[in-house]
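Residue numbering for the sequence shown follows our numbering, starting at 70 and increasing by one per position.
There could be a bad hint or two in this list.
Taking lysine to aspartate or glutamate pairs in the EDC-like style, the calculated list, with each CA pair at most 20 Å apart, reads [stated by the list, open to error]: (1) Lys509 / Glu624; (2) Lys318 / Glu349; (3) Lys143 / Glu258; (4) Lys309 / Asp262.
Derived CB-CB ranges, DEER-like [said to hold, decoys possible]: (5) Asn550 / Ser126: 27 to 37 Å; (6) Asp516 / Gly566: 13 to 23 Å; (7) Lys434 / Thr149: 24 to 34 Å; (8) Asp389 / Ala491: 26 to 36 Å; (9) Glu349 / Ala567: 54 to 64 Å; (10) Asp516 / Asn487: 12 to 22 Å; (11) Lys586 / Gln427: 49 to 59 Å; (12) Glu295 / Asp389: 58 to 68 Å; (13) Pro504 / Ser697: 14 to 24 Å.
To be clear, the hints were calculated from the coordinates, so they are not data collected in a lab. These numbers were taken from a predicted model, which means no experiment stands behind them. For every residue, glycine included, the Cβ atom is placed at its ideal position computed from N, Cα and C.
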Amino acid sequence: MSEAVHTETHGFQTEVKQLLNLMAHSLYSNKEVFLRELVSNAADAADKLRFKALSDSALYESDGNLRVRLLLDKDNKTLTISDNGIGMTRDEVIEHLGTIAKSGTKAFFGQLSGDQAKDSQLIGQFGVGFYSAFIVADKVTVRSRAAGEAADRGVQWESDGDGSFTVADIEKADRGTDVVLHLRDSEEEFLDDWRLRSIIGKYSDHISIAVEMWKEGEPEREEDGEKIAATEGEWEQVNKATALWTRAKGEVSDEEYQEFYKHISHDYQDALAWSHNKVEGNQEYTSLLYVPAKAPWDLWNRDQSHGLKLYVQRVFIMDDAEQFMPTYLRFVKGVLDSNDLPLNVSREILQDNKVTAQLRKACTKRVLSMLEQMAKNDAEKYQGFWKEFGNVLKEGPAEDFANREQIGGLLRFASTHNDSDAQTVSLDDYISRMPESQEKIYYITADSYTAASHSPHLEIFRKKGIEVLLMWERVDEWLMNHFSEYQGKQLVSVTKGALDLGELDDEETKKAQEEAKETLAPVLERVKSALADEVKEVRLTHRLTSTPSCVVAGEHDMSTQMLKLMQAAGQPVPEQKYILELNPEHVLVKKLSEQPEGEQFNEWSHLLLEQALLAEQGGLKDPAAFVSRINRLLLG
70 MSEAVHTETH
80 GFQTEVKQLL
90 NLMAHSLYSN
100 KEVFLRELVS
110 NAADAADKLR
120 FKALSDSALY
130 ESDGNLRVRL
140 LLDKDNKTLT
150 ISDNGIGMTR
160 DEVIEHLGTI
170 AKSGTKAFFG
180 QLSGDQAKDS
190 QLIGQFGVGF
200 YSAFIVADKV
210 TVRSRAAGEA
220 ADRGVQWESD
230 GDGSFTVADI
240 EKADRGTDVV
250 LHLRDSEEEF
260 LDDWRLRSII
270 GKYSDHISIA
280 VEMWKEGEPE
290 REEDGEKIAA
300 TEGEWEQVNK
310 ATALWTRAKG
320 EVSDEEYQEF
330 YKHISHDYQD
340 ALAWSHNKVE
350 GNQEYTSLLY
360 VPAKAPWDLW
370 NRDQSHGLKL
380 YVQRVFIMDD
390 AEQFMPTYLR
400 FVKGVLDSND
410 LPLNVSREIL
420 QDNKVTAQLR
430 KACTKRVLSM
440 LEQMAKNDAE
450 KYQGFWKEFG
460 NVLKEGPAED
470 FANREQIGGL
480 LRFASTHNDS
490 DAQTVSLDDY
500 ISRMPESQEK
510 IYYITADSYT
520 AASHSPHLEI
530 FRKKGIEVLL
540 MWERVDEWLM
550 NHFSEYQGKQ
560 LVSVTKGALD
570 LGELDDEETK
580 KAQEEAKETL
590 APVLERVKSA
600 LADEVKEVRL
610 THRLTSTPSC
620 VVAGEHDMST
630 QMLKLMQAAG
640 QPVPEQKYIL
650 ELNPEHVLVK
660 KLSEQPEGEQ
670 FNEWSHLLLE
680 QALLAEQGGL
690 KDPAAFVSRI
700 NRLLLG
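Using the sequences provided together with the hints, build the complete structure.
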């Protein structure tokens with residue numbers, strides 16, 4: 070290798086500086102994971118070369134034996150992880166090793182608290198890959214040459230983990246990448262041959278690429294009076310190099326499944342659950358799908374890359390093949406190995422391929438079944454899943470009509486049955502507690518649990534002992550706009566349309582309601598006249614027991630929560646008038662009915678509307694006018 074020429078110095082991206090600082094201060098208590106990350110990257114590089122060589126075998130450069138090698142140099146205190154994979158050009162080295170190409174990284178680093186235990190978990194979710202080298206090294210040198218390039222097109226990258234790195238042109242005879250770790254004095258344990266072999270055995274047995282270490286030859290020796298010649302050293306494979314998903318389930322331990330999950334996901338925590346299936350027949354494929362224990366930091370970025378690692382006949386094709394998993398299951402990690410797709414398949418071909426649609430359907434069903442089993446057999450574990458991913462799963466009914474009922478069974482809510490904001494109530498739980506005469510599932514959406522649980526709309530339901538589901542997450546409005554029925558029962562908002570409890574109301578109550586409606590009809594007309602075009606309608610209600618008034622949206626109108634969401638998103642909000650409902654049993658409504666025509670009647674009418682709007686919306690357009698009105702009535 071010739072001396073480096075044409076050397077340039079570059080500054081790290083701000084987020085990389087932050088990450089390197091965390092690495093340098095040994096954020097991880099389990100330092101050995103750096104080797105898993107670097108070996109995993111090297112294996113990926115070999116996989117990518119194998120795929121590219123399908124259409125251009127010259128990229129192998131007469132060396133098709135793909136492998137990863139570890140080389141120790143105790144004198145210089147270096148550990149080198151070398152691969153003969155796809156390699157990198159100068160521009161790729163600068164791009165991949167100088168920046169983090171993930172949207173939202175700035176916001177991610179803003180979440181770091183300085184608490185090492187918590188930050189360690191966050192960093193693990195972020196996935197640091199190459200930068201984990203700085204956990205054990207005070208300087209890292211990378212030498213690389215892209216497959217198919219001339220030997221003098223090699224590149225060297227070097228940094229001691231501070232604010233900058235250097236890039237130089239070098240000559241490199243072999244394609245691929247060498248990562249040289251200049252270990253800190255305190256990390257000499259990673260210069261021990263057996264220590265490294267044990268780490269490879271622990272983390273990298275499942276990698277389908279051979280991982281090799283140098284085995285020293287035996288010196289000449291005498292045994293039983295006979296001289297045995299010296300042997301030369303050789304490269305020795307130290308991992309099984311068998312793709313884990315191709316093995317029978319009974320041959321794979323839970324520990325091996327967990328290590329494979331960490332390899333493909335770059336997560337630092339164990340997976341919550343997994344499903345390993347081999348299908349033969351009309352379609353032949355193997356899937357190994359994992360549900361993580363913790364949500365990734367970019368879960369709510371729907372445009373972020375997600376999906377499965379795709380293999381065709383055990384040849385790696387692509388990462389993040391999103392075509393096989395719906396967006397609402399974007400947290401699922403795993404591998405799909407198909408025998409029915411062509412080796413030269415592209416993302417464009419996958420998009421409209423019938424096999425893709427069938428595999429997507431099968432993988433989706435597999436995940437939903439896995440979640441059903443978890444919910445049935447381990448409610449506590451499922452609650453852990455729901456806490457992390459429940460709001461993503463709520464996107465499902467809108468996206469996946471075919472599985473809407475199955476997704477509905479996996480949803481969890483808070484409700485008036487429990488005096489807490491814990492989302493533990495399933496729709497099946499709710500139905501099991503419904504009185505025989507109840508035909509509908511009732512729910513309410515609001516800004517918060519407190520607002521939902523204290524809404525005046527719940528008064529009649531509490532009085533009659535009818536359970537109401539409480540919802541306050543932003544996604545709930547989206548969910549309920551696309552999920553109107555479950556197990557043949559309609560889901561009804563208690564804040565929209567006229568309240569009809571059907572057989573839950575007795576005949577005596579219905580009769581009293583009709584009498585009040587007839588008696589107070591003139592008063593309702595006067596209130597409607599006083600409020601003019603501020604409301605759509607004024608009517609009596611029996612949903613209230615202790616509150617004088619409330620407002621409801623029309624049955625086909627947008628809910629208050631949906632209007633708020635649109636406003637928060639900067640979208641144009643349509644003008645919407647509410648229906649004002651008055652409680653005929655309340656003293657204020659009775660007082661209103663006794664008022665003659667005039668200013669006082671108008672003031673009371675506006676007060677009942679404004680306090681109803683305040684309870685519904687959490688605010689008023691003109692709060693000063695509301696306060697002035699109250700003061701006038703108090704003094705009047």
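Check the structure against each numbered hint from earlier and tell me which ones fail, lowest number first. Of the numbered hints, 5, 7 and 13 do not hold.
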